[in-house]
Amino acid sequence: MKLKPMVLLALAGALGCTAAPSAQREPPPPPEVEVAQPVVMQLVDWDPYIGRLEAVESVEVRANVSGYLIEHYFDEGQTVQQGDPLFLIDPRPYQAQLTEAQAGLNQAQADAAEAQAAVLQSEAQRGQVQARLDLAESRLRRAEPLVPSGAITADDYDIMLSERKRADADLKAADATIESAKARAVAADASVTSAEAAVETAQLNLDYTKITAPISGRISRREATTGNLITGGIPGSTLLTTIVSLDPIHCYFDANERALLKYTRLAQSGQRGSSRDVKNPAYLSLVDEEGFPHKGHMDFVDNRLDENTGTMRGRAIFRNADLLLAPGMFAEVRIPGSGQYEAILIPDAAVGFDQAEQFVFVVGEDNVAERRVVSIGPMSHGLRVVHEGLSKDDAVVVNGVQLVRSGAPVTPSAATVVADSGDGLPTSYQPVPREEWLTVRTPQASGNGTPELGSVGK
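Counted the way mature numbering (1 follows the signal peptide of the UniProt record, and there is no 0) counts, the sequence shown spans residues -19 to -1, 1 to 439.
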């Protein structure tokens, strides 16, 4: 089939119309971007953790003696001071026991005094017997040389000898009487000691009926109300209430294995002391707070990784004079993650991400963009820390990153990167000196017999 000449001419014209614009197209101009040199400043990395606040001291208030609860002296949920009265158990049975024990002590003391008097009397009687024996021996010695001459008859001498033997036997009997009296005195003294212990126990039990706060803090609700029969002693003692201390307060958090290795290597290199050896500072922020207004320090690192989570438990302690921090709250904690170093910072928007790495674009003198792989750190002063991949003299694309292709020309314009005031965390730090350590007081044993609590944080 042959085409007509007019058709061929029309096709040629159409092809000519489409080809002409392609021949006249020009390449697009290089994208306009803003470039700036990084901010350089002395800095410390502050590693972030989510922690949970817990009371330094937590006490279950239980009864040491049994009886009917007849009084309470506190408002639920309020703060109490160590030694404040909390509950009263009916003291009358224990007062009667104390009176009975005191009477037993009085009787034991009287028996002991009588036994001691018997010892003294026995010793006096022995002295008399000893005198008789001495006299009999003296007479016998004088009479013995007179017997041969007949000045003393044999019968008289035998009488003297018999008197000495009788006195000697009486002396032995007196010694036995003394030993018996002393034994009775020792037994009487033991009875006094036992009676004194009974009085002390009765007094202690009477004191236990007055239950006082073993620590200062916030008290919970009453677990037993007036009129209930309370079981005292261990085990099975009745829980009456609980108290948690408020100032200072602990914050527990967990660090993963990578962080633990980093801290260990920093300590080995001398760049950052281990929190096991020094009190590294810690900063805390609540969910509604700006910055990190609460300053404390590390005071504990556990001795092993948790087998289930692969993390190490750490703990910081914070002052809480205004009682804003409460046990059970979540908080963000920052601890030093490096020593002080010269940091390079750029806007976070200048950092690009792909599946394997982070990168930035750097513009050279020929206005050609170069893709640089970087290792980034935390945000600080509103900028992103770059650990590796940049120098302080590089011109980094900070605006228009999405328009840039590696190796392609750009049209740069100068911009300025400014660090803000930050989140209040310092750019350097030292371990907290001993005189500023937050330690927990050691309260004395209270009236309800709560044992002394050891110091925490030292």
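Calculated from the structure, these hints are not laboratory results.
Fair warning: there could be bad hints in the mix.
Cut-off 30 Å, straight-line C-alpha distance, at most; resulting in silico cross-link-like pairs (DSBU-like, lysine-lysine) [stated by the list, open to error]:
(1) K243 <-> K276
(2) K163 <-> K153
(3) K146 <-> K163
(4) K243 <-> K373
Going down the list of hints, with the structure as the test:
Proximity of K243 to K276 is assessed by CA-CA distance (about 23 Å); at most 30 Å being required, the pair is judged to hold. The hinted pair formed by K163 and K153 meets the criterion: a straight-line CA distance of about 15 Å does not exceed 30 Å. With a C-alpha separation of about 26 Å, the suggested pairing of K146 with K163 holds against the 30 Å cut-off. Proximity of K243 to K373 is assessed by CA-CA distance (about 25 Å); at most 30 Å being required, the pair is judged to hold.
Of the numbered hints given earlier, the model fails none.
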